[in-house]
Amino acid sequence: MSAQHYLLRNRDVEGIDRIEVYEANRGYAALRQALKDYQPDELVAMVKKSGLRGRGGAGFPTGMKWGFLPNDGRSRYLVVNSDEAEPGTFKDRELIEENPHQLVEGIIISSYATRASEAYIYCRGEFLRGAEQLKRAVKEAYDHGYLGKNILGTDYSLELKVYRGAGAYICGEESALLESLEGKRGNPRLKPPFPAVAGLYGGPTVVNNVETICNLPPLVTYGPEWYTSMGTEKSPGLKIMSVSGAVKRPGNYEIPLATPLRTLIEEYAGGMLPGRTVKAVIPGGSSVPLLMPDQLDTPLDYESVVKAGSMLGSGGCIVLDDRVCMVGATARLVKFYREESCGKCTPCREGTYWMTDVLERIEYGQGQLSDLDLLADVADNIAGKCFCPLGDASLGVLVSALKHFRHEFEAHVADHGCPMGARLYDTVNH
Amino acid sequence: MIRLTIDGQEVTVPQGTMIVDAAAKLGVDVPIYCYHQALGPLGACRMCLVEVEKMPKLATACTTAVSEGMVVRTSGPAVDKGRRGVLEFLLINHPLDCPVCDKGGECFLQDYTFEYGPGGGRFQEPKIEKVKDGPINPFVLIDQERCVLCQRCVRFMREYVGEEQLLLEGRGVETVVTTVEHEPATSQFTGNVIDLCPVGALLSAPYHHKGRPWNIEREESVCPHCPVGCTSKITAREGHVIRMEGRPIPDREWGWLCDRGRFGYDFGYHPDRLATSIVKGKENTAAQATRQVAEWLKTVVDQEGGRGVGFIIGGGHTTEEAYQLRRFAAEVIGTDQLAISRTEAGYLPRGLNGTFDDVKQADTVVLLGSDPYDTVPVVHLKLRDRLLHYPALRVIGLGPLPLTRDTLPGLDVLVPPGQESLALALAMAAQWPQNSDVQTLVGSLKEFELQGVTAQTLVQLGQYLQGAEHLVLLWDGKEPEMAMVLGVLARLREKPTAVLPTFGPANWRGYEHAGFSPRFEDLTAVLEKARDGEIKILMVFGADLLREYPNRQLVESAFNQVEYLVVEGILPPQGAQHVDALLPGAAWAEVYGTYINMEARLQVAMAGVQPPGQARPIKTYVNTWARMLMKPLNWDEEWDPFDDDSGDLLPFEPVPDHVVALAMPPEAVGPMTLVTGAFIWESGQPSEILVPRVPQFPGRINPAEVKDMGLSTKRGHIMVSQGSESIVVAVTADPQVPKGILWVPQGLFGTNHLIEGTVTISGVTEEVTV
Ligand SMILES: Cc1cc2nc3c(=O)[nH]c(=O)nc-3n(C[C@H](O)[C@H](O)[C@H](O)COP(=O)(O)O)c2cc1C
Ligand code: SF4
Ligand code: SF4
Ligand code: SF4
Ligand code: FES
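Order-wise, the sequence lines are chains A and B. First residue of the first sequence? That's 1 in my numbering, and the numbers climb one at a time after it. First residue of the second sequence? That's 431 in my numbering, and the numbers climb one at a time after it.
Worth double-checking, as some hints may not be accurate.
[Said to hold, decoys possible] Cut-off 25 Å, straight-line C-alpha distance, at most; resulting in silico cross-link-like pairs (DMTMM-like, lysine to aspartate or glutamate):
no.: 1; chain 1: A; residue 1: 135; chain 2: A; residue 2: 118
no.: 2; chain 1: A; residue 1: 335; chain 2: B; residue 2: 555
no.: 3; chain 1: B; residue 1: 487; chain 2: A; residue 2: 303
no.: 4; chain 1: A; residue 1: 335; chain 2: B; residue 2: 575
no.: 5; chain 1: A; residue 1: 36; chain 2: A; residue 2: 303
no.: 6; chain 1: B; residue 1: 959; chain 2: B; residue 2: 683
no.: 7; chain 1: B; residue 1: 663; chain 2: B; residue 2: 713
no.: 8; chain 1: A; residue 1: 48; chain 2: A; residue 2: 303
no.: 9; chain 1: B; residue 1: 511; chain 2: A; residue 2: 380
no.: 10; chain 1: B; residue 1: 484; chain 2: A; residue 2: 392
no.: 11; chain 1: B; residue 1: 511; chain 2: A; residue 2: 392
no.: 12; chain 1: A; residue 1: 335; chain 2: B; residue 2: 604
no.: 13; chain 1: B; residue 1: 455; chain 2: B; residue 2: 683
no.: 14; chain 1: A; residue 1: 149; chain 2: A; residue 2: 303
[Said to hold, decoys possible] If we take Cβ atoms under 8 Å as the criterion, some of the chain B residues that face chain A in the derived model are:
no.: 15; residue: 487
no.: 16; residue: 516
no.: 17; residue: 520
[As the list claims (entries may be wrong)] Calculated Cβ distances over 10 Å to all of chain B for the following chain A residues:
no.: 18; residue: 126
no.: 19; residue: 340
no.: 20; residue: 369
Quick caveat, the hints were computed from the structure, so don't treat them as lab data. Don't be surprised by glycine CBs; every beta carbon is placed ideally from N, CA and C.
One chain only, chain A, in its complex shape (with noise of 0.2 Å):
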């Protein structure tokens, strides 16, 4: 357990939010020196040996990202991710309401590193104390000089502004995000051209995840060498783990990459409440397939998780115990899917809706066992084929939880209802 924190540096100082409290606390020095000492070139150099990779989900090296802007002369837009909306995922959210600068100071090296003169938070609606904190913290910034005309007296001039979402999980797919920032209805758009051709108001556009911007203050305070020296060599540096479940002490928990499934659970997060034990684990936000309980040894970081059958996503690590119904957790994820669905597309549109009532129908005792089949044919016929990944992740825990227990599924016919009693609505939150 680290006893310091990089990211989640609430933790150690009270109020830091504030901005006197940040500055007081090393607060905008990382920009301040990134202006001074930095060509935004080396910028992006640094991050590229850093090795950070998105934190978003997709785990894609950020500088890699970075360099594909092309260098045509037009204007370049920054737009951050802030509309974490993945069930069982967190981060984000203490990310932007207990340290907000962080953030903020973030955003302006990032900007200044891709030469971007225009940045946009995009938050989701629902955060709305997270998005008072963010306005807040910017005008802050403006009044402190660290954002506008002219940064810390430098040539480089900046203007961010805080954008809330509506309540879409599918507008966190960054070129939905897009489309709704630029005022139109949330649906995914055709890629090629990806953001970095043609983004924001078709202008060359880098967009980030929350907790990927955070990692810049701390790395170009501490240099590149000092995030490599944690995590593998593929994904190395730090990440933030939002646990939840029948474990003693459910929150959020950074670590560095590479740390065992079983230390996040067992140290971290103090183990599993009193009598409950793990039935399986979905470690990376509601879109990934399940691991079991043999699998806790497996090392937190991208490769290992995927080798493991599963995918490291955006975190959002979900315990279930042994008093969890796979059908009922399961139908509640898939219906999770079908309500945020955007219709763009048809196979994920129909498909979820029809899964879900399918499941809805074998959890309430009235299923087939041919449904269990029509099922999986189902999720075959979404597999690959929808428009953008928010149909492939409906299909994560589903598959993974017919396959590992199928036998609860079975039992749900062969009782005509759950065998462990659980009633809809109740079946996650003990």
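Fit chain B with the ligands to the supplied structure of chain A, relying on the hints for placement.
Here is chain B with the ligands on its own, set in the frame of chain A:
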């Protein structure tokens, strides 16, 4: 060029081509819903899944661009299962009410399900319920349950037309297509979404429950309502035209129609449609009426020779009919007094006439007095298409009113009414001061100053005119001298310069091709001869002269003076009391024939139905008269209006290069000037279906001009006077209209009681609130 293999066949296509189009080139059909070439890829429906070697997943053929050496398979177990899956998904919430659907039998959901779909459904859950037969506007209905959410309709309106009146509402499986704010869609182009919709979700309200593919007949046709002559198909059932659809022509036409054309097919069934002959106010048999007219003709010809007879053609006749009439006039009657009913005084020489291909290549478009949205709507869409492909398209409006729009933005150069050709010539003089033709043109304009246009604007305009790589000019035909100015411009530029005439009648080029004079002067001459007693019998075909001719007095005195006025048509003309014999004619869709559009392009329209009652095509009339006059016409050799060399275009003719000085305009005009112009809702034949959409207050005037009349922000009626004549005009107060201008659709409200120019206006009491 990129070489790839599709289903084992090799094909070479340009870079950037999507697999679906490369496949089409090989004749390999990939099923699609959301993709449409005019709209580009979207990737929504996932119907077009194909297998591409080395790609881990199935790819959508509409969004995947070809690459060198690519190997594509459009069938096989994975593709077949993928397609089956997509179709099954599309059907789970589909109401399966094909037996009562207008598109049953012409639906891509039915077709693809039959070809690729699952044998049966596995879905047992309740279906989502949505709106059925909800109105988009009075012409278009939506059945949201049948919608496959391909977004063609939404994207067509938003991206292609540029009028965002349809949208997606709701999310996921609850998503529906509806109108903005749930208000009726008002665009001129809404009907196209019916053709675009691949399923039975968007339906034609007037066609609703009227026909099924097995009890209708479809014929290729051409829309008769304006000079665009859009390619169309008519649907007939039991002798009635009950629908018109667009007819795409590969590499040439998308098959768009405007709503005025698409839904205005019912004019043949207008309650006033002529179906019986009327002689001297009394209904008569066809035989007696024809004989009577033959006797009048004989009397006149015996006394005066052919000179005593004048022919005027208008309306919606075919080129062949005009030709038959011309031969009758020349060979049986012996007259060359053959004119076309014109509303505008201008004429465009064939040699300057461009085609829609020019629009596809244009970098600069000049609108001379004509806003295509209101005069030739589908040309507006063609310009939109060009704008989408070439965003730098420069659009310049030149006229007394702004002619550009939000959907076709550009620069408006406002000039006093009647001074467009002067403005153009002055701009040319600024750019080509040394040219002798230009010097001749502006020779008398030394003292002249164009009101409201700065010298700088003229210089800029001149630069645009010279700089344009491919110049297209739309011309309303109002100022006859414009043709000469355009001729000089075309010679000066040495780069493509194409003029598209937006004036009517729709088939005037056809009448010209058949031997009628298209010149306004010749029409006036015929009317004057009638007024002066030289022409004793005036034979009018399809024209409604009291409405169409700009000087109503001349027509009235001609009608009063002639001994016999014979009018053929499909609806009674104005001033029926003057008419000695009213003969019912055959309408569009009732005769086979050729129409020549504003591109000088010949297009054939088939006949789909029979004319009603005694209504007959012109050929029947002229044959009967010729026999009665003992000079039967010989039709052994059929006339082919198509030229062997120029194909479906009229043969090219050199542009006359005669140049004279433009005259100084009359002294400054008064405080209010009447300007009239073509307006699509009021040109062509009247339709009952269209009534709910025809603007009731089409006149336009600046709000400040009518502020004291109590309708500054509203609509209402105003009195317009000139000398002793007065008319009442229904106007909308429109801030776009410059002060001092009253614009009224040509021919409406009796505008031709007045001469275009200075008028006075005053309020009339009744006011209508919006
Ligand atoms: C359905 C869906 C939802 C997403 N939601 C988020 C989100 O809430 N926050 C986020 O940072 N990335 C989200 N992403 C990933 C973004 O598309 C994008 O990859 C990310 O913002 C890039 O930032 P990064 O490279 O810093 O991770 C989502 C992706 C999908 C497909
Ligand atoms: S998979 Fe398709 S329907 Fe689902 S969210 Fe993405 S684009 Fe929308
Ligand atoms: S109404 Fe028709 S065209 Fe429009 S989205 Fe639905 S299926 Fe497509
Ligand atoms: S533009 Fe003219 S020809 Fe075309 S559909 Fe409309 S009215 Fe008919
Ligand atoms: S046609 Fe290709 S996705 Fe719709």
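- Message: Hinted pair, alpha-carbon criterion (25 Å max): residue 149(A), residue 303(A). Please report holds or violated.
- Response: Given that 25 Å is the threshold and the Cα spacing comes to 43 Å, the pair is violated.
- Message: Holds or violated: residue 335(A) and residue 555(B), Cα atoms, limit 25 Å.
- Response: 15 Å, holds
- Query: When you check the alpha-carbon spacing of residue 455(B) and residue 683(B), does it fall within 25 Å?
  - Reply: 18 Å, holds
- Item | Straight-line alpha-carbon gap residue 487(B) to residue 303(A), limit 25 Å | At roughly 22 Å apart (the allowed maximum being 25 Å), residue 303(A) and residue 487(B) satisfy the hint.
- Does the alpha-carbon distance linking residue 48(A) and residue 303(A) stay inside the 25 Å limit? 18 Å, holds
- Checking the smallest CB distance to chain B, is residue 369(A) really beyond 10 Å? 14 Å, holds
- Item | residue 520(B) as chain A interface residue, shortest Cβ-Cβ below 8 Å | The hint holds - residue 520(B) has a Cβ within 8 Å of chain A, the shortest such distance being about 6 Å.
- Query: Under the criterion that the straight-line Cα-Cα distance not exceed 25 Å, is the pair residue 36(A), residue 303(A) satisfied?
  - Reply: It is violated: about 37 Å lies between the C-alpha atoms, which goes past 25 Å.
- Message: Against the 25 Å threshold, does the CA-CA distance of residue 511(B) and residue 380(A) hold or violate the hint?
- Response: 10 Å, holds
- Task: Below or equal to 25 Å on CA atoms is what counts here, so check residue 135(A) against residue 118(A).
- Result: 16 Å, holds
- Grab the minimum C-beta distance from residue 487(B) to chain A and call the hint holds if it beats 8 Å, violated otherwise. 4 Å, holds
- Assertion that residue 340(A) lies outside the chain B interface [Cβ separation over 10 Å]: 7 Å, violated
In summary, the structure is inconsistent with hints 5, 6, 7, 14, 19 from the numbered list given earlier, while agreeing with the others.
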